[in-house]
Amino acid sequence: MTRPSTHIRFRGRSFPVLALEPDAPIAGWFERLDACLEHSPAFFSRKAIVIDVSRLGLDRDSVSEFVEQLSGRGVRIMGLTGVDPGWACDDLPPILTNGRAIASGEGPAEGVEGAATLTLDERAAFDEIAQTLGGGQAGGTEPADPAARSAAPLVVETAVRSGQSIFHPDGDVIVIGSVSSGADVIAGGSVHVYGTVRGRVMAGAYGDSRARIFCRRLEAELLAVGGFYMTADEIRDEVRGRAVHARLEDETIEITKLD
Amino acid sequence: MPKILVVTSGKGGVGKTTSTAALGAALAQSNQKVAVVDFDVGLRNLDLVMGAERRVVYDLINVAQGDAKLHQALIRDKRLENLYLLPASQTRDKDALTEEGVRRVIDELRERFDWIVCDSPAGIERGATLAMRFADVAVVVANPEVSSVRDSDRIIGLLDAKTEIAEKGGRMEKHLLLTRYDAGRAARGEMLNVDDVLEILSIPLLGIIPESEDVLRASNVGTPVTIHSGTSAPSRAYADAARRLCGAQVPMDIPSDKKGLLVRLFGRRAA
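In order, the protein sequences belong to chains A and B.
FYI, in our numbering the residues of the first sequence are 12 to 270.
FYI, in our numbering the residues of the second sequence are 3 to 273.
Since the hints were made in silico from the structure, they are not lab data.
Heads up, none of these hints are tricks.
Derived DEER-like restraints, expressed as beta-carbon distance ranges: (1) A/Pro96 <-> B/Glu127: 34 to 42 Å; (2) B/Gln74 <-> A/Asp244: 54 to 62 Å; (3) A/Ser176 <-> B/His73: 44 to 52 Å; (4) A/Asp34 <-> B/Lys71: 56 to 64 Å; (5) A/Gly97 <-> B/Asp97: 30 to 38 Å; (6) B/Glu147 <-> A/Arg66: 57 to 65 Å; (7) A/Gly97 <-> B/Asp69: 44 to 52 Å.
In silico negatives: residues of chain A with every beta carbon more than 12 Å from chain B: (8) Trp40; (9) Leu48; (10) Gly68; (11) Ser73; (12) Ser82; (13) Trp98; (14) Asp101; (15) Leu103; (16) Ile106; (17) Leu107; (18) Asn109; (19) Tyr217; (20) Ala254; (21) Glu260; (22) Asp261; (23) Ile266.
Built from N, CA and C at the ideal position, the CB exists for glycine as well.
In isolation and in its complexed conformation, chain B is listed as follows (with noise of 0.2 Å):
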């Protein structure tokens, strides 16, 4: 049965579209057939950071408005075969999508794939609500400081109420995936700590992301980070999130390195 997953927060640049790549990725390398969507209609990032950006020919706009068949849209990734990109268009706006079209699509993609990943934009306007329409499981992505988890908090209520899933009556699955998480910084109280973002938002944890240089090079390269440094703690991470995902139970690791609880010593020490 495939599953359509959403990657969403309510708040810009928490690390929806490397979240998108990265498990797209790893969902691939355990040999599952992956389609990644790129929902960002006008701002589309997502064939960036899986580096096809020179392979775009057609779009998601082009294959909901007929203009393109499915097969012509999608682009195989170059390292998975088991991976394929639907990229959006650059050129248009989020108007352009219709619920109509993007019932089609999806239904198109259910046949091919066992796992449809669809990149949310950013807001919670009429790209990121299609984003989610069709989904029967949401991964929401927040960061640990208080705007992205009351957007967060925004979000998760959407899901509850505007999706398809919900009108029937259904009960949308819902995965906290805490990104660009520092251990020193939490220590130290100038974030968020686990505990309290899982109390307030109160959805299962699916991973923990540390904030970590990997993350940025990866995408910059135009890797997905679990491609690109497969034994990176990101990477790892990302990995471990995506296995919870197909229900294994995998232990979860909650970041604490040497530095943080040095730094926490000295704090105390001086004061």
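The shape of chain A in the complex, shown without the other chains (with noise of 0.2 Å):
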């Protein structure tokens, strides 16, 4: 006898988002964007979009009534922040916490944040709004194409000791010194050691499969390209201990000797 499941599946997971942060004059602000949606009348459509107010210093009142403004705008709010998580009620949207700034590259490649999930049109348009509403920086997103994940590299210059955890999201990581057993070493892009690897590295931390790990002598005890790793004891004899490169081919690591 098969009894119905009874179980829904739940899951905490995050996502890029774009914060707008109106300042004060409120009716200022307002001016500026509805001359925004004038220019780009669809930008704000199906697009989940959190209300930073930490700027305005309302009340809950006028929270209320701001967050009627903007939805009559035609902006979908998905959720608060930036006010007392005590206001949380059914006529505001979900009040969030804890939100963090995306770090916004310097790199030409990253150039307006969101970039990534964003067509070209929106691009532009997205450009104009950040300047016109600007204010200081606008929110970003996370740009979701590893490819995009092209910020400078890391350099360490000294040598990564057991404990240490070096982590570099946005671009290459570059290690003078040796990295101890114990040590981690994680990038977006790809690791280079001029040293001897004995610890963990990880490279395409966030699914680049072109990402790589150099180094110049290799007892490491794990290694990892765009997610898939081998330990210690997958790395072949012929290797250990010889400078090498590593690097994805059909979802397994390939490790070659570079002298």
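Two independent chains are provided; combine them into the complex using the hints.
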């Protein structure tokens, strides 16, 4: 006898969203918003928008009114941040806390923050809106395409010691010393180590399968490229202790000697 | 300019306390004024190794908390008039130490001594981080085996991150003291050899202390090995290490006894 399943699936996940940060005076901000919407009316349609009202310093009733005014302009508000979490009620959007700004890259490849999730037209419109509404930084979205992750490399001039962890989500990591047993180096791009790797090295941590690992001497505990990993036991004897590079080929890590 | 030296290792039982006592005594023998400070609150040992356990009245915690004056807690060595001990408390735990308290004690010691040698507890917690907090020089003690070397590596990372000198952008001077080195076992591959350890830790070598019964014998009678048996191999190795700490160029003696060589020859023949 089978019983219908009573389970429903929940999972905590995080998604990049656009956060609008209106500033005072509120009337002026709406004027600029209206001007932008006239220019590209569909910009906010079908997008998840979070409103950060921390710059406005509104009380509970004015927030409610403000949300109403925005909804009337076709902005779909999925959440509200920058307000007292105690205000949560049915006629306000869900209140979000602990939001983190996504670091804006400096390289030209990043251009406008959030570029990767927008079409070219939208990107131009976003650029303009960000500038007009401006008042500082526009909230960004995280580029979903791993290829867009190309910030400046992180250069570590010393050894990475046991217990230390180097994390650079936006580009290559170059370590001039060794990576000790019990240390981690995690990069969105490739990892280059000019000493011995005895610890764990992960390249392409966000799924970039073109990332590679280079080192002068391989004694690693674990290597990972683009989410696929290999433990010390799986590393062949003929590459151990040698200068190598590792890359992903058909979902397996391929290690080749450099000399 | 007084120097604050921390003797640390991460792993327990590698010879921190023995080395603190031996280096402290060797520095005092070269006419410098030395205080050795036990940071192992709750598990104090330095007083035993120094043979001062029957003279402890006040301790580091009492001074750090302002309950006793520094001169009341300092115990003068009976053999070397330049050597003093600041013992740890056995009845308290490491949480009784605060950063401000330790800073005050160190500052006061700085005015009276040329060398302040801090004996760190094992581990990477509060006691160990406070022992290294105000140091300018670190002696990292390691045995030639993998777990000790990895723990030392971890400690070196902390020395470069959690100390005041590192936080101010300076660079902690670090030295490796390899203890309990058995040339014969290293030759047979039962221990890491000196080059392996230096390659992994990549800090300058201060000295290699050979495994010896003299060290144990000295500890048991409560005398630093450098005072107990001045001509023994470990004692000479510690004395050389102390001279190197003071900036002298002393050639490094890597222990390699004839017995080890013979064993290696026999080993080869048997194979």
